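Q: Sequence:
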Amino acid sequence: MLLSMGKTKKEQKLKELHKNLLERWQAMVHKFTVEFPESIWKAIQDKKGAGSIKDFLVRLIEKEFELRKNKVLILAGGEGARLKPLTETIPKAMIPVGYRPLLEYNLELIAKSGITDIVLLIGKLGNRIMKHFGQKWNGLDISYVSESTNLDTAGAIYNARNLVSDTFIVMNSDILTDI
1 MLLSMGKTKK
11 EQKLKELHKN
21 LLERWQAMVH
31 KFTVEFPESI
41 WKAIQDKKGA
51 GSIKDFLVRL
61 IEKEFELRKN
71 KVLILAGGEG
81 ARLKPLTETI
91 PKAMIPVGYR
101 PLLEYNLELI
111 AKSGITDIVL
121 LIGKLGNRIM
131 KHFGQKWNGL
141 DISYVSESTN
151 LDTAGAIYNA
161 RNLVSDTFIV
171 MNSDILTDI
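Position 25 of the sequence shown, counting from 1, maps to 25 under the working numbering, and the rest follow consecutively.
Among the hints, erroneous ones may be present.
Claimed, not checked - Here are the computed lysine-lysine pairs in the DSS-like style, where the Cα-Cα straight-line distance is at most 27 angstroms:
| hint | residue 1 | residue 2 |
| --- | --- | --- |
| 1 | K112 | K84 |
| 2 | K131 | K19 |
| 3 | K42 | K19 |
| 4 | K54 | K42 |
| 5 | K136 | K124 |
| 6 | K9 | K19 |
| 7 | K112 | K136 |
| 8 | K84 | K124 |
| 9 | K9 | K71 |
| 10 | K63 | K131 |
| 11 | K47 | K63 |
Rather than coming from a laboratory, the hints here were simulated on the basis of the structure. Remember, predicted model here, so these are calculated numbers, not experimental data.
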């Protein structure tokens, strides 16, 4: 069948087949065999409650991943004294790098990690950051904590204390990284 088609039709058909196979593979349930020491196996049987051991283990794994949904606090309130006169009208986090604000690169990196809850700690010209990103940006939920007086790192984090209740990550907005 593929031999009698034109080259572009063949390529299109192959791409379609590849896409269908990929979608089916991604929808599959994956199986994995685990060997447990006897003591752990007995503990699992005792704790599983109603339901199968498989269901119990799936719940445990889901709970573990749920706990890892950290929040990221991003320090974006610096005055950018060393970057003046640029930072007289643009927050340091919004300085363009490759035609995009520096902060966008960090938010994209966070989104790739699977974290979706962001708190931007803003200061001078923070309204420019809020206007650019809003409350939702590329699948991220963004909250803001604004300080009228620069309280440095510890003060900014302290001001966000009501928005975090568990483990959280703190990062600077003015870095370029791939980790």
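Q: Each hint: holds or not?
A: Results of checking the hints against the structure:
{"no.": "1", "hint": "K112 with K84", "in the structure": "32 angstroms, violated"}
{"no.": "2", "hint": "K131 with K19", "in the structure": "38 angstroms, violated"}
{"no.": "3", "hint": "K42 with K19", "in the structure": "44 angstroms, violated"}
{"no.": "4", "hint": "K54 with K42", "in the structure": "14 angstroms, holds"}
{"no.": "5", "hint": "K136 with K124", "in the structure": "21 angstroms, holds"}
{"no.": "6", "hint": "K9 with K19", "in the structure": "15 angstroms, holds"}
{"no.": "7", "hint": "K112 with K136", "in the structure": "15 angstroms, holds"}
{"no.": "8", "hint": "K84 with K124", "in the structure": "13 angstroms, holds"}
{"no.": "9", "hint": "K9 with K71", "in the structure": "48 angstroms, violated"}
{"no.": "10", "hint": "K63 with K131", "in the structure": "36 angstroms, violated"}
{"no.": "11", "hint": "K47 with K63", "in the structure": "15 angstroms, holds"}
Consistency note: the structure conflicts with the earlier hints numbered 1, 2, 3, 9 and 10.
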